[in-house]
Amino acid sequence: MKTVTLSQALRERVLLLDGAMGTQIFAHSPTIDDYGGAEFDGCVELLNERRAQWIQGIHESYFKAGADAVETNTFGCNEVVMAEFGLQHRVFDLNVQAVKIARDVADSFAEKKWVIGSVGPGTKLLTLLHVDYQTLYRSYFEQMRGLIAGGADAILIETAQDLGQIKVAVRAARNAMLAQQMRIPIWVQMTIETTGTMLVGSDVQAALAAIEMLGVDVIGMNCATGPDEMRPHLAYLCEAAPMMVSCLPNAGLPENRNGQTYYPLDPGAFAQRVRGISSDFGLNILGGCCGTTPEHIKALAEIRGQLNVPVRPGRYERSVSSLYNSVSLSLEPRPLYVGERTNANGSKAFREALAKDDFDTMVEIAKEQAKEGAHILDVCVAYVSRDEKRDMSEFLKRLVTQVNIPLMIDSTEVPVIEAALQYAPGKCIVNSINFEDGEEKPRRILDLCREYGAAIVALTIDEQGMAKTCEDKLRIAERLYKLVVEEYGFAPEDLIIDPLTFTLGSGEAEWRNSAVETLNALEILHKRYPRLKSILGLSNVSFGLKPWPRQILNSLMLYHGVQRGLTLAILNASKILPVARISEDHKKLFEALLFNKRDEIAEPLKEILAAFSDPNAKQHMAVSDEHLSVEEKLKNDIIDGRKNQIGAHALEALKIHPPLTIINDILLAGMKVVGERFGAGQMQLPFVLESAESMKAAVRILEPYIEKKEGYKKGRIILATVKGDVHDIGKNLVEIILSNNGFEVMNLGIKQPIESIVETYRTQGADAIGLSGLLVKSTVIMKENLEYMAAHGFTIPVILGGAALTRDFVERECQAVYPGPVFYAEDAFSGLHLMEKICAGGVAELLAQRKTPKDSGEQKQTESGIVVVHRGDKRVGLDANGQSSWVRRDEPIPKPPFWGVRQVNHSLEQVFEYLDEFALLRSRWGYAQGQLSDAEFDKVLQEKAYPTLKRLRERVVSEVLLHPAALYGYFPACSREDNEIVVYNPETSADTPVHQREVIARFSFPRQGNGRQLCIADFLTHESTGKLDVLAVQLVTMGHVASEKAHAAYAENQFSEYFFLHGLSTELTEAYAEKIHAQIRQELAIHTRDAQSKRALFSQGYQGSRYSFGYPACPDMELNEPLLKLLRAERIGVTLSESHQMVPEQTTSAIVIHHPQARYFST
Amino acid sequence: MKQQRARVFFLLEDLEVEVPAGTRLPEVVEASGADITFGCKSGTCGTCRVRVVEGIENLSQPTPEERDFLAALSARPNERLGCQFCIQGDVSIDYIGS
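In order, the protein sequence lines correspond to chains L and Y.
Residue numbers are given in numbering that gives the first Met the number 0: position 315 of the first sequence equals residue 314, and the series is strictly consecutive.
Residue numbers are given in numbering that gives the first Met the number 0: position 63 of the second sequence equals residue 62, and the series is strictly consecutive.
If we strip away everything but chain L, and leave its shape as in the complex, we get:
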């Protein structure tokens, strides 16, 4: 027999592994007797000893199917898992036995066969702190010892769900090999869920960055999904990974069929898909995971002949990674920003939090920096008289799941660095080594970097001290390169040289040339070693100066560093100015200091100190329109919303024109421009409101001069929010726009019955009536109102507006019941357009316009021309309980930490964390980009939107306008027939059968008529199963003060303030609901699926759903009554109005469902 090693075989052919082990074992239907006692029920590793012949038979069937290698039956054979059966002391023996069983079968074949030691993820996740590092390390070390002693040909760390766990397992394997003085390959396979990430959230790029650094022989994927779902991740691995790639998918994405897990791909289909991936991208090792059988392996054996051994391009761009994401060390545009405020020596706030053991605040500081644009986070907890190692571990344990940017471990203490590397799951950077005390210490730190997989920052310091000259910097850098790259074998990209920065702020002659030396060294270094990276602690350069000159000097140093190749910069990203924003004079002055150029400016530092004696001085230029005529000034005041100067300009204009001419010909002409710009998408709503405020201010100045008050208005409208609806923002916007465009508006307010609306019309008269409302129910009320008006003989034009309306509904259904014209206004400006036409006798023209689209086109199947061509029979059936069979019934039911309801209070700052700024700015505040260019819109955001948010945030905090209060809790619940959720009394003893429990609330929901036929109730266990499910409930309110303040602003004609305050408090109510929901997921331990970015989180990036009444899946607002009763809502001052809306306005309630398939849907 020709002796071929596994590595040789891998170079010569595509290697074939086996398929599922568990499925094959359970086909024997093991009994308690097989396991050797009830306490061992389910411990399949024991079967290596008690039913060895089964395991032999399974291995044999895979070898016969064509496998080159089989995996041992040791998936869970580590101390942590075996301790659950009290068998932790058997780990070594059972691993040895399992390898021997497989080895005996392998050796019985004529051709060479191999045995791969299987190492599963265990039952506890390190990164989520289910287990501590040392316990998990020992657990794996023992297993690795057994596998190696038994004679495995390779170690396969598979089904890996956590980067932290992979790092522990690889280290345990290496150390076990060292102890037994042998070396076998280490393979790693991760499991990527259908969400596109590993269970704890790492994407494939982050995983590759961390795993590549561990020097393993194979990287690959297995479990969770089938070949199709793995395809995009494998495409990346095959392209990027420098090592071999394996692929062991499930037999398709598991489905639930009648309560059984079913794998849809038969052997032929499975093999074709794997072949497709392999021929497209190139795989080295094939095999199967859950649901695959010897027949699947046989099918793979048949297609294997068609596949070539791939050449790995290894186009991986060297990166560092957090638990979640990777960041390329070659990212352009340079530099990578390294956040400097999670540093006990650099940030006062961080140091104070550390002194109080306030790790939550420390995590907040970290998150802020990520938000401000840092790519990497420098973490330093060294502080006198504290235990740095403990502080580092405790901080990182909390931090690593909370930030998505990679970490730079900033410490010079070897034990601290090691503790940090154990708890940081991705590929970190260690900061730093130097030669101050010779080479022993840097070598110890480099050993750690190699063992745990980290890049390194190296300072140009040697036994003679810090390198000040370019020459010394280069000499020490070369020595560092030799040690790290040539001797230790690090990739040059993983060596980051810091050529040191010294302050220019002291004025001492010794340091005047220091920036020049550093910049020159950078330039030469990058030319000499093109792959090497560099870093500067940027803010050192300006130490001793005042804040504003510091910003300028830091920004210039950064600019010139980047010009010379600088890769990373430790700095506060929010304090960097684009060089273009620095004035030429300042640039000249500061560059004289930076480059030590004293020919023109003899004493640059002195001049800087003199010029910036006022620390916050920032020059700005006022825009002048002094040369314009007063008419043009007034018009511009309107367009630009300048309400402070418009009064003076109006009085000036009065000397020339009568007041009505000013209003009609100048001011309204300005408003017309505003309307046009808004319509063209060039101007956002908040600016329109400022224009309206200016208009109002001017008119108030002019009105006393108007002799004949009547008749200068263009027309009159009666406005009201309909009965049962409390929403008035839309209606008030209409009032603002109409009244400031020359119309008289009679705003009757909210919850207006039709009787009082027509009474106003009868007594006061008007050109039109405008009805508004937000609720779906309000659309029905509007139609009823029209029927009432028709019955009472009215024909006055009616304009309808509101979020739930559609043009079709208004122009067909509403128009059908009313003899007068009914118009749809999609926003305030279309309301203005309608009023202009109506008051100019253009009703017929308006009606004619809307008829045209209907008549065009040849098909007239429906009004809209939309025809269903084919409705397939994919309608999902209902099961015996009348529920959608699309919904899986065997999802695990989480355990709540308590039953019943609790009250919680959070600070406004905590609520702000969950604020969806995008929705606030773009939707609620109307800062939509429209037709503006990216640059123009960015200017709007930077100069207007964000400053407004900052100001309002300060206002609501300092004036205490919002009072967050919340109730939430958990109730035992089930679903029943008739689409109902029933909630049981939580105080019933645990052994009471479900159907005998006291029902304390019921919620009934509609079911979809087509598609998946979903109903919210389907996501809870059915009562007939006898299994209780968990229904979480929540209620948040921001109190009533904000609404009152907003209305006060409206009354005082501060339209934009009213609009901003209303939008912010509404969005913060949502934010608070989001926060409480996050807490519920955490308490139910289903938060591991929470998306990392807030953007993704706000788009339902989590397990389960939060349903509020009034939305499409549960439109019935009356359900708030039983819900508020369950919550005892009056405790936080929340009550229901007669139309089942909650008071105060800024309140929202919800039921929370944990089922993973529960998403938003429409009924």
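Hint data in this document are derived by calculation from the structure and do not stem from the laboratory.
Given the structure is predicted, the values throughout are model-derived calculations rather than measurements.
Note that CB positions come from ideal geometry on N, CA and C, so glycine has one too.
Some hints here could point you the wrong way.
Pairs of lysine-lysine, BS3-like flavour, derived with a Cα cap of 30 Å [claimed, not checked]:
#1 Y/K40 with L/K949
#2 L/K943 with Y/K40
#3 L/K938 with Y/K40
#4 L/K1044 with Y/K40
#5 Y/K40 with L/K467
#6 Y/K40 with L/K750
#7 Y/K40 with L/K782
#8 L/K943 with L/K574
#9 Y/K40 with L/K587
#10 L/K370 with Y/K40
Derived Cβ-Cβ restraints for the label pairs, each shown as a range [claimed, not checked]:
#11 Y/A70 with L/E825: 52 to 62 Å
#12 Y/Q3 with L/L659: 43 to 53 Å
#13 Y/C85 with L/A843: 23 to 33 Å
#14 Y/C85 with L/G41: 38 to 48 Å
#15 Y/C85 with L/G258: 49 to 59 Å
#16 Y/E56 with L/R389: 56 to 66 Å
#17 L/V779 with Y/C85: 24 to 34 Å
#18 Y/E56 with L/A354: 51 to 61 Å
#19 Y/C85 with L/G871: 41 to 51 Å
#20 Y/Q3 with L/A802: 28 to 38 Å
#21 L/E192 with Y/C85: 42 to 52 Å
Dock chain Y against chain L, hints included.
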């Protein structure tokens, strides 16, 4: 003038609908009862995120809001916000919200 027509195929439920070119997706969904849910309809909530399996070139260009929203979400290139586009030619659509 003969109006151009386009076909929209909803994969989730094997539903095919013919619409006048230029129709917005929410109108198609409302008229045909397709299983897609909308939230804010202003491109800021993501409830209506869909995967365009075929014919993405037959949809109107993303608005800046949609572009920024999807970018912040690191969405794949074949994902769109259902509330933000018009149908200009044949497309196959799969709902991601499910």
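Check: Quick check: which numbered hints come out false for this structure?
Finding: Numbers 5, 9, 11, 14, 15, 19, 21, in rising order.
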